[in-house]
Amino acid sequence: MYTLPEIAARFGGEVRADNGVTVRQVASLASAGVEHIAFLTDARYLPALADTRAGAVLVPPKFADATVLPRIVTANPYAYYAKVAALLNPEAVAPKGIADSARVDSSAVIAATASIGANAVIAEGAIVGENVVVGSNCVVGPNVRIGAGTILNANVTIYRECSIGERCIVHAGAVIGADGFGHAPDNGTWVKIPQIGRVVIGNDVEVGANTTIDRGALDDTVIEDGVKLDNLIQIGHNCRIGEHTVIAGCVGIAGSAIIGKHCRIGGAAMILGHLEIADEVTISPGSMITRSVVKSGTYTALMPFQPHREWLTTAAHIRHLDALVTRIGNLENELKQLKGNQT
Amino acid sequence: MYTLPEIAARFGGEVRADNGVTVRQVASLASAGVEHIAFLTDARYLPALADTRAGAVLVPPKFADATVLPRIVTANPYAYYAKVAALLNPEAVAPKGIADSARVDSSAVIAATASIGANAVIAEGAIVGENVVVGSNCVVGPNVRIGAGTILNANVTIYRECSIGERCIVHAGAVIGADGFGHAPDNGTWVKIPQIGRVVIGNDVEVGANTTIDRGALDDTVIEDGVKLDNLIQIGHNCRIGEHTVIAGCVGIAGSAIIGKHCRIGGAAMILGHLEIADEVTISPGSMITRSVVKSGTYTALMPFQPHREWLTTAAHIRHLDALVTRIGNLENELKQLKGNQT
Amino acid sequence: MYTLPEIAARFGGEVRADNGVTVRQVASLASAGVEHIAFLTDARYLPALADTRAGAVLVPPKFADATVLPRIVTANPYAYYAKVAALLNPEAVAPKGIADSARVDSSAVIAATASIGANAVIAEGAIVGENVVVGSNCVVGPNVRIGAGTILNANVTIYRECSIGERCIVHAGAVIGADGFGHAPDNGTWVKIPQIGRVVIGNDVEVGANTTIDRGALDDTVIEDGVKLDNLIQIGHNCRIGEHTVIAGCVGIAGSAIIGKHCRIGGAAMILGHLEIADEVTISPGSMITRSVVKSGTYTALMPFQPHREWLTTAAHIRHLDALVTRIGNLENELKQLKGNQT
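Residue numbers (our numbering), protein chains in the order written: chain P, 1422 to 1764; chain Y, 1422 to 1764; chain W, 1422 to 1764.
Hints are computed from structural coordinates only; laboratory data are not their basis.
A couple of the hints might just be wrong.
For chains that are exact copies, the list does not tell them apart, and a pair is met inside one copy or across any two.
Unchecked claim - Think about it this way: if two alpha-carbon atoms lie no more than 20 Å apart in a straight line, the pair counts; the simulated EDC-like pairs of lysine to aspartate or glutamate are:
hint, residue 1, residue 2
1, K1613, E1645
2, K1613, E1545
3, K1613, E1587
4, K1716, D1526
5, K1517, E1587
6, K1682, D1607
7, K1613, D1646
8, K1517, E1456
9, K1716, D1521
Same shape as in the complex, but just chain P (with noise of 0.2 Å):
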């Protein structure tokens, strides 16, 4: 329970009509009671922020005088609201300490306010740093480094000589360190090439559930600080993601793709590998970048659906699209003929 006042001495902003109100959660405008606080950030929502029965709202500049609510008028509501839910909601504390069911190497070098969850496993030369948590069953290979602060939850595996930075959180099932897929072609059977490089991962990076991102073939891959990235995700050997880049779940990229900072790369999208995207770029979901992209924007390639008895016919025609297109230079020349002869 926090008052007006007490959120803004943490996050700044100007607090107006204050009633004395303490709030206890965030909620949406639509389903916000006198106990919640809620966000303004788009014209849109004006009508929800009249019918609001927030406790108080949180909006920006433009809209300081569009309720009579009691109100924070910050620039970015949104992030501001962000920061308050947190406030809200603090995460549980992990127990200090290792689980008497963990197992960890000897020679690993744990913090003493790290907790080690639950038959999770850590291996030698490992190295886990201050209020870092490992989930229950999570497996930590020889000679991984874990920064402060950074939260593995349950059943994480991070392969050998991994590094990931601080304030890190990776979701559950994830992988890291795998081995990058390189088979080197020999009479027609195949030869493994060994994955010498790396992962590494830098500050305040969060990685999503079942997402796996494999070590370098020579070189590492490098995940740049804030880097987001969904579940489910595939990052081949040798890419870099930028810093601050978003990555929505089911994205492919492929080895040595090097992704630019500030990107958004929207969902199930997949990207060739041995190119480069620029920075500020923003891929469309389910999009299929083929080529390196120099010029920040937003780029796309779908297919547009349609009911399936239409798709066939527009399926049918996108085969025969070069007949067509030989049928409309056969009629320019006809055309250019006839008019000729009229002449």
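We have chain P; now place chains Y and W onto it with these hints.
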């Protein structure tokens, strides 16, 4: 080993031409022997029925006389076959009780008939119902509820507060209740939005291997009764999947999508967030749905595949479709002019 | 540290210009130093060869004289490089025997040279061969067979009855043998079809992190010798993947698809069920294969990507392709008429 009358006593249907045969296993018409029972739904398989060496068959009324073999006539031979297969292949019964290597918090409530596997971890406040099976190395978070008869296979992770109904099957590696993907932009970095909703799963739901279902941001993510999810599916925060909808492997559903009841979503289809799909909609495999679908029916968005050289031509034409449309418009104008000249 | 003659004694090839150099590690031409051995396959890299500071290089016969560096001339430098890399980077040897925290059923047969990791669980009747490594927190189901020299990394799940060949590598989080996705419709609900087949994996197969391979419905799902699977791949029930086929990440293969030998399937490609792909077929990344492919070759189905504004135009044209085709037909008819009038 069951006789046909014993089977019909359980599942109904009309026994014909019984010769006292006992069946030990199900099989396809093509591979069945005298100890097997096979089934036919479709006229396409009448030749296989003529050739089968099955000891008995399941047939629909319209093919009741299509064979002289011992048979059970039933309106839905495929569902009947599923029931007979379950009868002949009972699940192994997991040993009741808590494995000594499992770690169960003293405040968790575990039904006496439940089976908690080796090295499973169950946190404080969890409630595990009658005949539940928690597989080896599963992690069940604080205050999770698991309804009677539900089976978690190995290495499943259920995050805090989530609720799973009765008679569900969750396959290995599935992650239920990881944080939804929500970050507010703030001066070039991202502020994490706490995900304070839950995942609530109804009864008789199946969740495939390594599938991920994210917890809601404010409200819950909801999977209604009878939904069947295949492997490697991603369901974003605040989605609702309607009753008895089936979703094939590799599908991604972005946040806040509402999917109707009795839908069928093909493999690798993708559904964007904040949209609604009506009841009884079929989405073809690999199709990206970018807007709400208000009418029952089948919808598709697929590039037809071609030999690579032909595709290169097709792709070039697609990139220049706009110029092509201009050429057609020009032709129409010139032709109109020409016709005007003629008259 | 190996001299070139020591390496050639193991792997063949012709040593030239040996100066007694010893190599400690592999590297790329660009980053190599005097202690490294690098390789060249392609004329594209001749400039890098000219500039390299590598202590030694691997070159094909046609470039045998392209450098004065100490070198080994070999028909296939890339495969040779892979072998040298493996020689210089031996796998860590897992400790023989069963970790005290592992839970191994008394009826399981574990070879004396096998390594069973911390908190691994091995069920009744399992047979684990010589030099097998079962990683930490793996779960090996009842009656599973694992052939000699196979490595399961951490957190792998193998369901009951499945069989894995010799010298396989299974990466973390992979799930082998979960139920195939089979449900019979029955009055608006679904009846589960028991999946009584197995997964049978040959020798020298690699399975990527969090990849899932479902057990067969009646018959087995089969992965033949030498197949290489990347991460986050889904293989449906009753598929058969032919020898030495390689499949990149995020691919989905629906049930009962038969894939030939020596195929190459690009990342995020999708293959529908109940079809056959011939031997030596290449499927381009991101391409959906909807019918059988009977002829070797490369097949593609991809929308080209465009800046978003251009794509909006392209997508609108695609939706109206049928109207466009009608317009072209009308033009052809009118032109024919016009020409008729002229004569």
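Practice problem: First find the shortest C-alpha distance between K1517 and E1587 inside one copy, then the shortest across copies, and answer within, between, both or neither for a cut-off of 20 Å. | Solution: within (17 Å within a copy, 35 Å between copies)
Quiz item: For the identical chains here, do K1716 and D1521 meet the 20 Å Cα criterion within one copy, between copies, both, or neither?
Solution: neither (54 Å within a copy, 57 Å between copies)
Practice problem: Give the relationship of K1613 and E1645 under a CA distance limit of 20 Å: within one copy only, between copies only, both, or neither. | Solution: between (28 Å within a copy, 17 Å between copies)
Quiz item: For K1613 vs E1587, is the C-alpha pair at or below 20 Å within one copy, between two copies, both, or neither?
Solution: This pair counts as between: shortest inter-copy Cα distance 15 Å, intra-copy 33 Å.
Quiz item: Is it within a copy, between copies, both, or neither that the alpha carbon of K1613 lies no farther than 20 Å from that of D1646?
Solution: between (32 Å within a copy, 14 Å between copies)
Quiz prompt | Homo-oligomer pair classification [D1607, K1682; C-alpha up to 20 Å] | solution = between (39 Å within a copy, 15 Å between copies)
Quiz item: Within a copy, between copies, both or neither: where do K1517 and E1456 come within 20 Å Cα-Cα?
Solution: For K1517 and E1456, the Cα distance exceeds 20 Å both inside one copy (33 Å) and across copies (45 Å).
Self-check item: Homomeric proximity label, K1716 with D1526: Cα distance no greater than 20 Å
Solution: Result: close neither inside a copy nor across copies, 49 Å intra and 54 Å inter.
Quiz item: Quick one: K1613 to E1545, C-alpha cut-off 20 Å, is that within a copy, between copies, both, or neither?
Solution: neither (26 Å within a copy, 33 Å between copies)
Hint check: violations occur at hints 2, 4, 8, 9; the rest are consistent with the structure.
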